[in-house]
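As given, the protein sequences belong to chains H, U, Z, D and S, one line each in that order. My numbering numbers the first residue of the first sequence as -11 and each following residue consecutively. My numbering numbers the first residue of the second sequence as 7 and each following residue consecutively. My numbering numbers the first residue of the third sequence as 40 and each following residue consecutively. My numbering numbers the first residue of the fourth sequence as 640 and each following residue consecutively. My numbering numbers the first residue of the fifth sequence as 456 and each following residue consecutively.
If you're looking for bench data, these hints aren't it; they were derived computationally from the structure. Careful, some of the hints might be misleading.
[To be verified] Below are the EDC-like pairs computed for lysine to aspartate or glutamate, each with C-alpha atoms no more than 20 Å apart in a straight line:
id : chain 1 : residue 1 : chain 2 : residue 2
1  : H       : K418      : S       : E506
2  : U       : K202      : Z       : E147
3  : U       : K206      : Z       : D139
4  : H       : K86       : H       : E22
Fair warning: this is a prediction, and the values are worked out from it, not measured in the lab.
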Amino acid sequence: AGCTGGGSTPTPPASQPQSSQGAVTNPDQLPRNETLYTTGTQWGPPPNFNPIREWDSAVGTKGLVYETLFHYDTTAAKLSPWLAASGAWTDDTTYEVKLRPGIKWSDGQPFTAKDVAFSFELGKMETIPYHHLWNWLKSVEATDDQTVKFTFSTANYQQWDFMLYSRSIVPEHIWKGRSEKEVLDGTNENPVGTGSYKFLSKDQDRVVLQRRDDWWGKTTLGMEPKPRYIVDIATPSNEVAMGMLLQKGLDLSNNFLPGVANLVQGNFGLTTYYNEPPYMLSANTAWLVPNTTKKPMDDPAFRKALAASVDVKKIVEGVYGNLVKAASPTGLLPQWDKYVDQSVVSSSGFTFDAAKAKKLLAEAGYKDGDGDGYVENKDGSKISLSLIVPSGWTDWMESARSISASAKTVGIQITPDFPDFNALVERRAKGDFDLLINNERQLSNSPYTYYEYMFQLPIQKQQNTVNFARYENKKAWDLVEQLDQVKTDDTAGMQKIISELQQIHLDDMPIIPLWYNGLWAQSSTSVWKNWPSAEGGAPKTGAVMWRNWLELGGFETLTQLQPSGS
Amino acid sequence: MTTIQEAAPREPAGVRREALYFAVRNGKLMAGFGIVLVLLLLGLFGPLLFAGVPNDYGTRPMSPPSGEHWFGTTTFGQDVFLQFVHGLRSTFVVGVIGGGIAAVIGMFVGFVAGYRGGIVDEVLNMLTNVILVIPTLAVLLIINAYLGIRSVAVQGLFIGLTQWPWAARAIRAQTFSLRTREFVDLARMSGSGTGKIIAKEIAPNMSSYLFMTFILLFGGSVLIASSLDFIGLGPTEGVSLGLMLQNANQWSALQLGMWWWFVPPGAAITAIVGALYVANVGLDEVFNPKLRET
Amino acid sequence: MLRLDDVTKEFRIGAFGGKSVAAVRGVSFEVVPGEVVSLIGESGSGKSTIGRMILGLNPVTSGSITFDGLPVRAGKEYYRRVQGIFQDPFSSFNPVFKADRVFTMIKEAYYPSVPGPEWAAKVEESLRDVRLNPGQVLGKYPHQLSGGQLQRLLIARALLLDIKLLVADEITSMLDASTRIDVLNLLAELKVRGLSVLYITHDLSLGTYLAERTVVLRRGSVAEMGPTERVFGDPLHPYTRELLSAVPRLHETWDDAVPVETCLYHLKGGTGGLAEADPGHFVACAQLETC
Amino acid sequence: MSLQVSELRVYYRTLKGDVRALDGMTFELRDGEILGLVGESGCGKSTLGKSLIRMDGRMRRVGGTVTLDGHELPIDDDRRMNDYRFREVSLIPQYAMSALNPTRKIRRMVTELLRSRGTALDTAELERRMDQVGLPREVLDRYPIELSGGMKQRMVMVISTLLDPSLLIADEVTSALDVSTQKAVARALLGFRDSGYVKSMIFVTHDLALTHHIADTIMVMYAGKLAEKAPADVIVKAPRHPYTRLLLESLPEVGVRYTERRLEGIAGSPPSLLDPPAGCRFRDRCPIAGEECAQEPPVAELAPDHHVACWKA
Amino acid sequence: MRRYFGRKLLIYGLTFFVAVTVNWMIPRFMPGDPIASMVARANVTNAQAVEAMRAYYSNLFGLDQPLWQQYVNFWGALAHGDFGISIWLFPTPVTDVITQAVPYTLALIIPSVLLSWVVGNRFGAYAARRKLLDNTVLPVGYVLTAMPYMWLAVLLAWGFGVLLGWFPVAGGYSFSMRPNWSWTFVLDLLHHWALPFLSLFLVALGGWAIGMRNMIIYELESDYSSYLSALGAPSRLIRRYAFRNAVLPQITGLALQLGVLVAGALVTEIVFAYPGLGSLILKAIQNKDFFLLQGTFLFIVLGVLIANFIIDIVYVVVDPRTRAGMAGAQA
Ligand SMILES: Nc1ncnc2c1ncn2[C@@H]1O[C@H](COP(=O)(O)OP(=O)(O)OP(=O)(O)O)[C@@H](O)[C@H]1O
Ligand SMILES: Nc1ncnc2c1ncn2[C@@H]1O[C@H](COP(=O)(O)OP(=O)(O)OP(=O)(O)O)[C@@H](O)[C@H]1O
Ligand SMILES: [Mg+2]
Ligand SMILES: [Mg+2]
Ligand code: NI
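Take the sequences, apply the hints, and build the full model.
Okay, here's the thing in structure tokens:
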């Protein structure tokens, strides 16, 4: 009972027997054994419950309250039907979704194909994040109550799959009259969704979700998320989360908790996916991004030397205490191993090798002419690069220092610089930097998203989310666009194009993969067990409440939990 | 934080020898300055005596204090003692710069307001009030966040710029009572101008008071700096005790049982500031016979 | 030489200058060269304020003070000719510095070019004038000297400048009976040498000892003024009488002031300002009920 | 026989050594008598006053006794002395201007003070006494800051004598006042004696003329010792001690003009009490000092009630 | 009196004006574009969509207007109690965010400031001139005041929270609870409040105790104290009087220290993950949410101003000297 889990909370034991029956519970006091406490997603007061605002809506808005047509199974690498019973390309530019029957909104209204069509049509509004879908989607149409037909002008198969498991379906009967402003900016209090949970309450530092026992999936999917209540806590910082985890007031922390390896090894009742390095599944790749419009980063030879100069192992061990894994030369996440063309990697890949880096520099004509220990440009001018990471991101700051140190050993002068995050965003967008670290692309259904991130053209005045390196390679971008149009089940077709892209990447090294950031998930077994783990029969999904990750297995994890007490 | 009493100005000169006599016999003063001195020397000479770069990763991360690493090592294997001695240095730098700037501004405003009186006083008073009422930390937070603090010195500068109001007030009150003394009029009749009178007549009479003000400002700067460091608005270069605290906290030192990383910097700040406060009370006793224990 | 014309001074008081008090109202008198004028009145009657205004340390609110026909302008030139000495010798010295610093300050401001030895000689001479032994007082801190010594140092300091007028504000109130008389004698000697003195006091016996003329102040305005012997010999204003009767005298017991039946002011035909009772002897309205 | 002080020696402990502020004082004070105590600054007047009621931390009795109404006062025992304070011995301090708590209204302060001494406030009596010194009654409901110096002085007088002490010490109560207030205060003191509020009084001042007006007996002190003690008129008219004489000669009087009669001060300054010279302490400044003055002169009673400490007297 | 308060009000008004203006200015003249990071967070890839969103938000926050217009609008909105919309917690109005957080902060600041002031003063007064206490207990006071707030806070959280498990280390009330008016809940609130309160309280306590001790010693040496003891008043009475007089400068001290105390509260809140303005401000800074920052900042200024005003009134009430209009140097 109570928040501390220790025996000293003032909570009277009276509430306990009441809750164990599971029937009527006092919502003012959640029974510990039926409640899941999570943290690590939301850092401040829950601002809204608007599923269109995928990036800042309250935890669980999408995934627990609103649902998507599909989920994506990262282990099997395929879409799994969710609201949709099935989906298929009826011809090259038409996709048809069959919905599951009998699904109801939480207000009791039936869920129909019209809701789906409406939800996608919302994207026609200019400021809706998936507005660009309508650049290649011609129309969406509910042909009957259970069928939705999408007609495309260009069929971007890869992106479309992404859409299928990313877009929340909202009820037309409630959202119909909403203005663009309301759709984009409304807080959407009292959300009506199809999902398994509804919001019970919120406060500055938490949201509380309550399970809907009449959720459609219970019968249709045979699934039931185990926690009757989920309390997602907004902890302001990681060490607080760690303290709470140790106090057993928290079941799942999706924070980066440095040193957690010690706790996993020690007897603290904490588990992670692996019980040895890297402890976590991988969630995204951290890249070292050179500004390829500036000298000498415009020279692939220099970039390759730079790549060889970074001692990622030292960062992985020293900074992260082995909580992360060094990235493969392609930068593709381990989940995409099958797309890595090993022959390309073995012939053109790179590893940390100071001697080789020096050699590459020398061959390319970068020499230390003035004997200050650092090489100069070919024209003799000094090379003095700055590597920016946001101030306050301590692990990255440490990493940047480490990179600077190892670059120094090969003669490249890199000074770490820690501007304010905002300033960094602005400089990044304008291309006003030498080097930076970035990991904004997450695991998805296809490496396409990574290559789009790497090669997207044309270069704008402001590069806001992709191709921060401002790397221009028409051929590469053509290949990426081609890749988009390969059907997602055509693995061989994808592999072929990806192999070419990998060759370009490794030859030109527009961005340098460093390490895989973890899918931070530390869980306590004091109340809930059967957390995902690499071992035995444990679930293999990710244990995360992060936004957009519930569809990537986070939700399935909840259904696999078991109370520890029983 | 101790507030300086707005007591009547004292007459230090004649008592100077006597003051020295009491100073060396005042346990508070001696103990306070003793502690500060030891830490100061450690900060000054430590970095020279103990070679090494404080932020360099070592080979044995997370090890408790031992003969090799006196204060143990951090998560990254950095030597805590090495960071500690470097950090001490920055702490003193922040204290001197922050306290110094605040003292200079506070003195200037206080002297001018107290001596000139009238409208000048009112305007300066208003300025003081504005700075006083605006929560210092909030302003520092904003300034720091937007301008960024690179070095300990810049941090000291900003702290100094915001910390002076109470000192100005205290000095103003003292000046107020001194300016009605007749030697001030006599100086005017000897052809001295305002500046000269403040510098040559009023300030020397308050020297002990000014010194104590500086001590308190010094302590205040150290504390503010540590708070700023702690919430991640500290200097991005170098080491300081506050940054050590921040790092220890961020990398969950206590939760992971690495008390040796978290305790020394905080204890050193407490020791420096506390010792200064104690010394300040001692000084007060030395200069003010009424406070001496009878 | 020194003229006060209808001088008024108002102070703003209260935490924020809410009220104002008139410390001096419409005071006019004159000090001629070589004359000692004593300014007498109870505490708070505005004596010091007048002194400070003459010294340019406080501005006047209205009216004018002129010295040799020119309005007072605080500054080096003015202080070369007019100097003041204050009530409390101890607070007139900056306790942090040696007492002889007052001489150094004069040298720096007025005689920067005089060579050291010559200056030292000048200081010594001036000290002897005030009957101080230079060896005894130079190089000491104020607290090491007696009030009388300090007071005389201040006079010596004023004498270093070739002053014409000395404003002496209660310079003897802090002193012992015996030291006091020494200082008074010194002032008397200076007068003989042609110095004018405005001698401020509330002790009538001291005032009469030196002064040719006496100005009696009451609540900021002049109650009576005139030649000393007239003012004391034949006090016209009830206030002057009261003051006189309150002075403890050695060989007489206290008696109460002889009440004044008629207002001499109106008797002497005063209509506005002061009435001239005898030549040079002025009196103000006593504000009796009959007036 | 109210007060008897014999051979009282009170020293101040300082860094440099003992300051012998009172060095063997012997004198008596009868019931109903007002003793004027005069002497140059620093001669030990206040020390004597303080010794009789409350010694501060630095003061130390080295010898001698003080007897009041037959009881020996435990003057160096702060705790036991408390029984006598206010009831038997009371004080109007030199600092009467700042002696009242600035943040209490006067009535409240007086009530609390009396209650703490186990007495209830008799308002009628208090008001009667205030009338006597000419204080309006509303003063009681004011804060000290709202009173003038003279009013405060008189209020303190009233408070100090509320319990009708046997001995009242008035230390320089008039020096900060101007002549007219001074007169009023001095008269009030006389009135207090005459009304029997206090039995006897020691009136400390350095103004001989003023003392002469109110004191029955005048005692002249010099450098921590008694110089001369005699009835007031005797001191003024027929002083025997050279110091007294010189002191009297230096007093200017109303009407005396410099041009007519030049007065002279006493040359020299009093000796340091830290290490006072042996023998007569006035020797250095004395115009008639002789060989015998190297010995300390005893206090001799030259005439009834006329005590002088001088070989030449 | 009227004039005095009129004057005070004028000063406060001006202070407020300047504070608000500075507050408005700082973020606007700093590098970095809040909209850019807002859009960046939205993770929109498409260039057109990004532009559309930028324009839309710039317009929404009024950042596309000329500066003077923004400034005027700002005051206009303020007059309606409208602090704008939070960028970080979009689209929550800043007022809402603050009103949610403020009760916690006040619940922390007010008791700790008042209690530490009262207890510290009593304690210091008690220790003054009592050798034993002075030499044993007061040094603890020095150590307490000299401690960085967060250091003490973290130590408390670790010791009493993690090690001993007596107190929770995060949150304003149990995460298992919903606010209601039961005793259980109130106790739970107190349980969470205890440690943050304690860390603030202890640090402030030491400071007041020391200040008071010194002040009381001055007062015990003052003339009115000597007079009272000369009249044989018991030391209880003398101390009581001394206390009352010594408290006056401490009241002024309270006004002077308020800013520092608020700052301390912010840091403490962060350490204990206590809901309130502290973490809000930190996050607002980290997320460049300058509308929220302005709001919280303004709120604090307003709070401190009001507190100062109250202190001024209290001061006038308790110190007759101000009423007599004599204390020119105070204020
Ligand atoms: N700086 C000032 N501010 C306000 N009021 C003042 C100031 N100086 C003097 N006063 C007032 O002016 C009046 C006259 O003061 P002044 O000092 O001239 O009197 P005084 O005759 O010299 O008295 P004393 O004999 O006590 O020296 C008094 O009521 C005093 O309170
Ligand atoms: N607290 C003290 N410590 C050391 N010496 C003291 C102290 N108080 C007084 N004295 C010395 O004791 C001597 C007598 O002082 P006391 O105050 O009795 O003189 P007084 O006759 O009252 O003088 P005044 O007329 O100035 O009040 C002086 O020489 C003085 O310097
Ligand atoms: Mg005066
Ligand atoms: Mg005395
Ligand atoms: Ni008339």
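Structure-based check of all given hints:
no.: 1; hint: H/K418 to S/E506; verdict: holds (14 Å)
no.: 2; hint: U/K202 to Z/E147; verdict: holds (12 Å)
no.: 3; hint: U/K206 to Z/D139; verdict: holds (15 Å)
no.: 4; hint: H/K86 to H/E22; verdict: violated (35 Å)
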